[in-house]
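Number of protein chains: 2
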Amino acid sequence: MEGNFLYLTKIGIDTYQHAVVFMRKDCHVCRSEGFNAMTRVRVSTSNKSITATLITVSEAFISHQQAGLSDVAWKMLGATEGEVAQFSHAPAVDSMSYVRGKLYGVDLTDESANKIVEDIYNGHYSDVQLAAFVASCADDRLSLAETISLTKAMINCGQRFQWPKKVVMDKHCVGGLPGNRTTPIVTSIIAANGLTMPKTSSRAITSPAGTADTMETMTPVALSYEHMHRVVEQHGACLAWGGSVSLSPIDDIIIRIERALDLDSEGQLVASVISKKIAAGSTCVLIDIPVGPSAKVRTHSGAERLSHHLVETGAALGLHVETLITDGNQPVGKGIGPVLEALDVLAVLRNEKNAPQDLVERSFHLASRLLKMAAESPNTEDVTEAEKPLAFYYEKAKDTLRSGRAYKKFIDICEAQGGFKEPKTAPFKQSLFSNAEGIVSYFNNRFIAKLASLAGAPNAPLAGLKMHVRLGDRVREGQELLTVYAQAQGELDYALDFYRCHPEAIRIDKEIL
Amino acid sequence: MEGNFLYLTKIGIDTYQHAVVFMRKDCHVCRSEGFNAMTRVRVSTSNKSITATLITVSEAFISHQQAGLSDVAWKMLGATEGEVAQFSHAPAVDSMSYVRGKLYGVDLTDESANKIVEDIYNGHYSDVQLAAFVASCADDRLSLAETISLTKAMINCGQRFQWPKKVVMDKHCVGGLPGNRTTPIVTSIIAANGLTMPKTSSRAITSPAGTADTMETMTPVALSYEHMHRVVEQHGACLAWGGSVSLSPIDDIIIRIERALDLDSEGQLVASVISKKIAAGSTCVLIDIPVGPSAKVRTHSGAERLSHHLVETGAALGLHVETLITDGNQPVGKGIGPVLEALDVLAVLRNEKNAPQDLVERSFHLASRLLKMAAESPNTEDVTEAEKPLAFYYEKAKDTLRSGRAYKKFIDICEAQGGFKEPKTAPFKQSLFSNAEGIVSYFNNRFIAKLASLAGAPNAPLAGLKMHVRLGDRVREGQELLTVYAQAQGELDYALDFYRCHPEAIRIDKEIL
Chain A
0 MEGNFLYLTK IGIDTYQHAV VFMRKDCHVC RSEGFNAMTR VRVSTSNKSI TATLITVSEA
60 FISHQQAGLS DVAWKMLGAT EGEVAQFSHA PAVDSMSYVR GKLYGVDLTD ESANKIVEDI
120 YNGHYSDVQL AAFVASCADD RLSLAETISL TKAMINCGQR FQWPKKVVMD KHCVGGLPGN
180 RTTPIVTSII AANGLTMPKT SSRAITSPAG TADTMETMTP VALSYEHMHR VVEQHGACLA
240 WGGSVSLSPI DDIIIRIERA LDLDSEGQLV ASVISKKIAA GSTCVLIDIP VGPSAKVRTH
300 SGAERLSHHL VETGAALGLH VETLITDGNQ PVGKGIGPVL EALDVLAVLR NEKNAPQDLV
360 ERSFHLASRL LKMAAESPNT EDVTEAEKPL AFYYEKAKDT LRSGRAYKKF IDICEAQGGF
420 KEPKTAPFKQ SLFSNAEGIV SYFNNRFIAK LASLAGAPNA PLAGLKMHVR LGDRVREGQE
480 LLTVYAQAQG ELDYALDFYR CHPEAIRIDK EIL
Chain B
0 MEGNFLYLTK IGIDTYQHAV VFMRKDCHVC RSEGFNAMTR VRVSTSNKSI TATLITVSEA
60 FISHQQAGLS DVAWKMLGAT EGEVAQFSHA PAVDSMSYVR GKLYGVDLTD ESANKIVEDI
120 YNGHYSDVQL AAFVASCADD RLSLAETISL TKAMINCGQR FQWPKKVVMD KHCVGGLPGN
180 RTTPIVTSII AANGLTMPKT SSRAITSPAG TADTMETMTP VALSYEHMHR VVEQHGACLA
240 WGGSVSLSPI DDIIIRIERA LDLDSEGQLV ASVISKKIAA GSTCVLIDIP VGPSAKVRTH
300 SGAERLSHHL VETGAALGLH VETLITDGNQ PVGKGIGPVL EALDVLAVLR NEKNAPQDLV
360 ERSFHLASRL LKMAAESPNT EDVTEAEKPL AFYYEKAKDT LRSGRAYKKF IDICEAQGGF
420 KEPKTAPFKQ SLFSNAEGIV SYFNNRFIAK LASLAGAPNA PLAGLKMHVR LGDRVREGQE
480 LLTVYAQAQG ELDYALDFYR CHPEAIRIDK EIL
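Top to bottom, those sequences are chains A and B. Mapping to numbering that gives the first Met the number 0: the first sequence position 445 is 444, numbers consecutive. Mapping to numbering that gives the first Met the number 0: the second sequence position 450 is 449, numbers consecutive.
Just so you know, not all the hints are guaranteed correct.
[As the list claims (entries may be wrong)] Every beta carbon over 12 angstroms from chain B, so not counted as near; a handful from chain A, in silico:
| # | residue |
| --- | --- |
| 1 | 13 |
| 2 | 69 |
| 3 | 99 |
| 4 | 120 |
| 5 | 128 |
| 6 | 155 |
| 7 | 242 |
| 8 | 264 |
| 9 | 298 |
| 10 | 351 |
| 11 | 379 |
| 12 | 387 |
| 13 | 476 |
[What the hints assert, rightly or not] Sample of chain A residues facing chain B (criterion: CB under 10 angstroms; computed from the structure):
| # | residue |
| --- | --- |
| 14 | 12 |
| 15 | 17 |
| 16 | 55 |
| 17 | 129 |
| 18 | 261 |
Rather than coming from a laboratory, the hints here were simulated on the basis of the structure. Here a beta-carbon is modelled for each residue, glycine too, at the ideal position from N, C-alpha and C.
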């Protein structure tokens with residue numbers, strides 16, 4: 000071990016996913032290496048190396064012999080208190096030349112996509128470099144061929160599941176529609192029919208809840224690879240968080256930057272979805288694409304283009320993909336936010352009278368298409384089922400729910416994941432009322448989602464909205480339109496302020512007689 | 000003042016230009032506002048508001064009633080110890096919609112460029128957002144019209160100088176050529192001829208030295224607006240750092256991100272140069288564009304295009320711009336790095352025998368063109384001079400230097416800026432030798448610059464290189480090619496390691512008989 004070492008210490012500083020190292024500005028390492036604030040630094044123990052951003056300190060909370068690591072840097076390095084580490088300038092990130100190339104108009108290839116994804120996976124990219132990569136792929140800047148290259152690269156890093164079944168089902172929704180929480184219902188129906196559906200879901204990206212957030216209010220979702228396998232072996236399905244099994248570790252990193260920039264990339268979306276499904280060992284995937292003026296996909300032609308890229312990227316990599324373009328004009332169900340959506344899901348699975356009918360019907364549509372896809376698969380065991388029309392599978396899905404078999408399956412899965420618990424409701428709430436009489440004629444999904452986010456969802460799992468009206472409903476002046484739930488008064492106030500500034504989130508039009 | 004306040008404290012943490020606020024993860028503000036690590040937060044005192052990135056802390060170096068500010072955040076806010084501040088979520092940065100638009104293919108306009116530049120100036124952009132903006136303008140993505148819009152926007156924020164002269168000269172080099180330190184020489188020649196040249200220069204961007212770094216080894220360069228004015232009034236010129244007079248405050252911010260990405264944008268380069276010259280009150284500017292395979296501009300056609308954009312952008316805003324396309328095949332002078340270049344400059348100004356002849360000749364070329372531009376200017380007082388050929392002005396420039404008048408002017412300027420001091424040499428040095436006999440046939444300017452940077456330049460002002468050979472020189476095996484200077488052994492080692500891995504920085508070809 001050479002001269003330029005310091006003793007590592009965990010200083011209890013949270014910098015989220017951004018690895019940071021703190022050193023005294025005048026310690027011997029900063030001086031001999033010529034480090035300054037915000038220098039990208041290589042930190043190496045005898046076991047591992049990471050790249051971190053340096054923040055220099057002139058006062059005494061760390062000593063001249065110590066380097067303090069932020070929580071994420073500590074975890075990435077697998078450090079122990081007092082361990083010796085060496086420091087040097089981070090080497091130049093060679094794959095950034097491909098990012099610059101892409102910005103200059105050179106297409107990504109299998110090789111360049113691989114190098115970029117590998118460097119991101121290994122934590123070599125700073126946030127600024129990640130932002131340049133995200134920007135280089137923004138909108139429709141990735142061709143189908145580039146998207147396939149990126150998808151392959153993303154599959155190459157991270158875990159990959161194997162299942163002892165020839166037909167493995169999966170579903171996905173491209174998002175943008177608040178409350179569209181069909182996954183727990185559809186997965187329960189499919190598994191109750193003897194099929195395999197090892198469902199891993201993400202947490203919310205920009206929305207007020209992801210399926211993983213919603214499921215977590217009822218059962219543990221951060222399962223180990225082995226635990227997930229056991230659940231699927233026993234019950235044919237699981238409802239787990241994808242992040243804890245590292246199916247697509249760079250996805251979370253890219254998504255964090257996309258969120259900060261509020262920037263979408265169709266190619267990255269396709270690569271993210273398809274790579275995760277292939278890594279999860281799926282063979283048949285149905286993708287829900289909600290279309291509406293304030294959904295993620297706004298036009299039918301946009302949905303067709305996205306559908307084409309999803310299907311073709313899947314096909315290029317041996318995955319059977321079908322898509323379902325659905326109505327994205329208003330939120331689905333009543334609840335928006337982890338717990339509030341969980342309550343809708345439970346109402347549907349329990350066949351309660353007040354269960355949201357739109358959520359029920361969407362679930363039947365998706366489940367029936369999945370049942371038909373499974374039956375038609377060349378790998379399926381029971382070939383006689385392939386000939387049946389979609390209506391047959393629709394009735395089959397309906398019967399699975401109505402009979403209580405889907406609910407039983409759901410509870411079995413939750414118990415196997417670590418136990419089912421009934422979700423609680425939030426301590427703070429306030430209702431919002433119509434200030435006119437008329438017909439509910441428009442929902443701005445983005446404003447509705449933002450309202451739920453400001454109320455605290457998904458970080459505050461009990462927070463969110465409960466919608467009391469739907470498109471076409473006739474409302475009186477003073478009638479309750481929705482209720483905002485929050486876990487802190489400050490967040491409730493933010494949400495209410497936002498609603499006051501954006502009353503157009505819900506439009507009430509005078510009735511035309 | 001409402002409930003969500005904390006007491007500000009300066010915690011001696013340097014985060015360079017990136018404003019950071021540190022709070023206890025479980026303090027009442029984080030809880031009530033729903034803040035998490037890396038949240039963008041608005042910090043407001045009774046006087047001012049800034050946007051900062053939150054880092055949360057779980058241990059005791061700040062209390063639950065305090066918020067710690069990093070040095071730059073403290074400075075931007077103009078805070079005092081113990082001052083009360085309020086905290087809220089940073090509002091969405093509206094102008095980011097224009098950045099997204101630009102990434103989606105929508106051109107910048109006067110209005111959108113203004114909004115973006117204003118928000119950057121006010122510190123509303125995070126590094127990630129800045130990176131997206133830089134990426135959106137990369138390479139040649141800005142049209143001439145967009146470049147003019149961006150230039151106008153950059154002039155609108157920051158100080159603007161006025162001079163009581165009709166003809167105000169300036170020069171600029173687009174960079175990329177190590178050691179091309181003509182500015183102090185040319186400025187001294189021009190001012191010694193009675194013209195006005197209030198020269199402000201930048202610090203190094205990606206190079207081992209900027210003119211401001213070099214000048215700072217001989218005289219103070221961080222002058223106030225008033226001080227600079229006094230120097231120019233007395234001596235017709237100054238040699239100051241542009242950053243301390245806020246001529247183009249957003250330039251430094253953008254350049255830091257471009258450096259981190261190693262990404263160039265022609266449009267941003269043009270906007271940066273022209274906006275600074277106009278803000279500096281110049282009327283006639285000569286721009287040196289070195290061209291060579293490893294210079295910033297690699298081809299003659301690239302230089303022509305850049306020249307066209309510089310001249311046209313200047314013309315659109317009332318600035319007379321001329322360009323000089325020069326040989327960029329090898330470093331200029333002997334020294335590379337702040338002090339080592341200062342030594343070359345002094346050798347030229349003092350007419351020393353060993354002064355680098357290429358630096359002398361480049362200076363004469365630039366000075367003569369500037370003298371002719373001044374004479375031809377419609378605003379010039381002495382119209383008879385306009386008819387003279389360039390050779391006349393070349394002799395005039397030569398005579399100004401040879402007679403010692405340029406040196407006297409240089410010393411006068413330094414004294415007025417705060418005093419002249421002789422630069423010192425570095426404590427660590429090592430020579431590198433040719434391992435073959437032959438002819439010096441190629442310099443890779445990028446590797447040469449990188450070598451000087453690794454040795455510590457410009458942060459370590461004494462660090463850098465001294466070149467002992469030039470293109471076409473015949474060398475023996477074992478002959479000294481260059482000497483590396485450093486202020487720390489670690490940096491010297493870095494540089495030597497790099498040279499061992501990149502011996503192609505200087506190519507020695509067998510002599511063809």
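Hints, verified against the model:
{"no.": "1", "hint": "13", "result": "4 angstroms, violated"}
{"no.": "2", "hint": "69", "result": "8 angstroms, violated"}
{"no.": "3", "hint": "99", "result": "6 angstroms, violated"}
{"no.": "4", "hint": "120", "result": "19 angstroms, holds"}
{"no.": "5", "hint": "128", "result": "6 angstroms, violated"}
{"no.": "6", "hint": "155", "result": "25 angstroms, holds"}
{"no.": "7", "hint": "242", "result": "16 angstroms, holds"}
{"no.": "8", "hint": "264", "result": "9 angstroms, violated"}
{"no.": "9", "hint": "298", "result": "15 angstroms, holds"}
{"no.": "10", "hint": "351", "result": "32 angstroms, holds"}
{"no.": "11", "hint": "379", "result": "43 angstroms, holds"}
{"no.": "12", "hint": "387", "result": "45 angstroms, holds"}
{"no.": "13", "hint": "476", "result": "32 angstroms, holds"}
{"no.": "14", "hint": "12", "result": "5 angstroms, holds"}
{"no.": "15", "hint": "17", "result": "7 angstroms, holds"}
{"no.": "16", "hint": "55", "result": "5 angstroms, holds"}
{"no.": "17", "hint": "129", "result": "8 angstroms, holds"}
{"no.": "18", "hint": "261", "result": "7 angstroms, holds"}
Against the hints set out earlier in the document, violations occur for numbers 1, 2, 3, 5 and 8.
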